[in-house]
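Numbering (our numbering), first residue to last: 113 to 252.
Please note that a few of the clues may not be correct.
Mimicking DSBU-like on lysine-lysine, the simulated pairs with C-alpha atoms at most 35 Å apart in a straight line are [as the list claims (entries may be wrong)]:
no., residue 1, residue 2
1, Lys217, Lys201
2, Lys217, Lys202
3, Lys149, Lys204
4, Lys239, Lys217
5, Lys202, Lys149
6, Lys172, Lys239
7, Lys149, Lys172
8, Lys201, Lys131
9, Lys172, Lys214
10, Lys202, Lys173
11, Lys131, Lys144
12, Lys214, Lys138
13, Lys138, Lys217
14, Lys144, Lys241
15, Lys138, Lys228
16, Lys202, Lys172
17, Lys202, Lys241
18, Lys201, Lys239
19, Lys138, Lys149
20, Lys138, Lys173
21, Lys149, Lys205
22, Lys214, Lys144
23, Lys144, Lys173
24, Lys173, Lys204
25, Lys228, Lys131
26, Lys138, Lys241
27, Lys204, Lys214
28, Lys239, Lys144
29, Lys149, Lys214
30, Lys173, Lys201
31, Lys241, Lys214
32, Lys149, Lys201
33, Lys173, Lys241
34, Lys239, Lys138
35, Lys131, Lys239
36, Lys205, Lys138
37, Lys204, Lys172
38, Lys149, Lys173
39, Lys214, Lys202
40, Lys214, Lys131
Simulated from the structure, these hints should not be mistaken for laboratory data.
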Amino acid sequence: IPNFGLSMMAGRHFFVDRKNQNRALKSLESAKYSMVKNPRSIIIYPEGTRSNDGSIRQFKKGGLVLAINMDLPVVPVALCGTRECLGDKKLKKSTIEMRIGKPIKTHTLRYEDRNKFAENVRDEDVKLKSEWQNQPMSFN
Numbered sequence: 113i114p115n116f117g118l119s120m121m122a123g124r125h126f127f128v129d130r131k132n133q134n135r136a137l138k139s140l141e142s143a144k145y146s147m148v149k150n151p152r153s154i155i156i157y158p159e160g161t162r163s164n165d166g167s168i169r170q171f172k173k174g175g176l177v178l179a180i181n182m183d184l185p186v187v188p189v190a191l192c193g194t195r196e197c198l199g200d201k202k203l204k205k206s207t208i209e210m211r212i213g214k215p216i217k218t219h220t221l222r223y224e225d226r227n228k229f230a231e232n233v234r235d236e237d238v239k240l241k242s243e244w245q246n247q248p249m250s251f252n
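Work out the full structure, taking the sequences as your base and the hints as a guide.
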């Protein structure tokens, strides 16, 4: 999406290098420091990248570990209908629906809980998407 990355940098967002674990860990440490200095909401994309078949992949744990370390709640969000927008080289006009789940508190979780926590958050996303897929079609 044009200018998306520039907008994110201007908003002081942090990026995680998924291909380099050492740099990824440094990014998360910088993010933690940044969040302490300037508290705000963050968005993570734990799936990493889209699947070819539309299924929701296993979640990566870095951003979820950050939430655990900072005692931040995680709100599952499913963007439904995005697959229908993807063309070969450009986006197609289509309706996208955002489904928002209930916050999941992290204050009782420890680093050792990260795998199960990632599964739980993914399960919530799958549930949100499933609810959307099973709703009756409405025409506006």
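Taking the hints in turn, this is what the structure says about them:
no.	hint	result
1	Lys217 <-> Lys201	violated, 39 Å
2	Lys217 <-> Lys202	violated, 38 Å
3	Lys149 <-> Lys204	violated, 40 Å
4	Lys239 <-> Lys217	holds, 18 Å
5	Lys202 <-> Lys149	violated, 39 Å
6	Lys172 <-> Lys239	holds, 18 Å
7	Lys149 <-> Lys172	holds, 25 Å
8	Lys201 <-> Lys131	holds, 25 Å
9	Lys172 <-> Lys214	holds, 20 Å
10	Lys202 <-> Lys173	holds, 30 Å
11	Lys131 <-> Lys144	holds, 20 Å
12	Lys214 <-> Lys138	holds, 30 Å
13	Lys138 <-> Lys217	holds, 25 Å
14	Lys144 <-> Lys241	holds, 30 Å
15	Lys138 <-> Lys228	holds, 23 Å
16	Lys202 <-> Lys172	holds, 27 Å
17	Lys202 <-> Lys241	holds, 24 Å
18	Lys201 <-> Lys239	holds, 30 Å
19	Lys138 <-> Lys149	holds, 17 Å
20	Lys138 <-> Lys173	holds, 15 Å
21	Lys149 <-> Lys205	violated, 40 Å
22	Lys214 <-> Lys144	holds, 23 Å
23	Lys144 <-> Lys173	holds, 15 Å
24	Lys173 <-> Lys204	holds, 32 Å
25	Lys228 <-> Lys131	holds, 23 Å
26	Lys138 <-> Lys241	holds, 33 Å
27	Lys204 <-> Lys214	holds, 30 Å
28	Lys239 <-> Lys144	holds, 29 Å
29	Lys149 <-> Lys214	holds, 27 Å
30	Lys173 <-> Lys201	holds, 31 Å
31	Lys241 <-> Lys214	holds, 14 Å
32	Lys149 <-> Lys201	violated, 40 Å
33	Lys173 <-> Lys241	holds, 20 Å
34	Lys239 <-> Lys138	holds, 33 Å
35	Lys131 <-> Lys239	holds, 29 Å
36	Lys205 <-> Lys138	violated, 39 Å
37	Lys204 <-> Lys172	holds, 29 Å
38	Lys149 <-> Lys173	holds, 23 Å
39	Lys214 <-> Lys202	holds, 33 Å
40	Lys214 <-> Lys131	holds, 31 Å
The structure shown violates the earlier hints numbered 1, 2, 3, 5, 21, 32 and 36.
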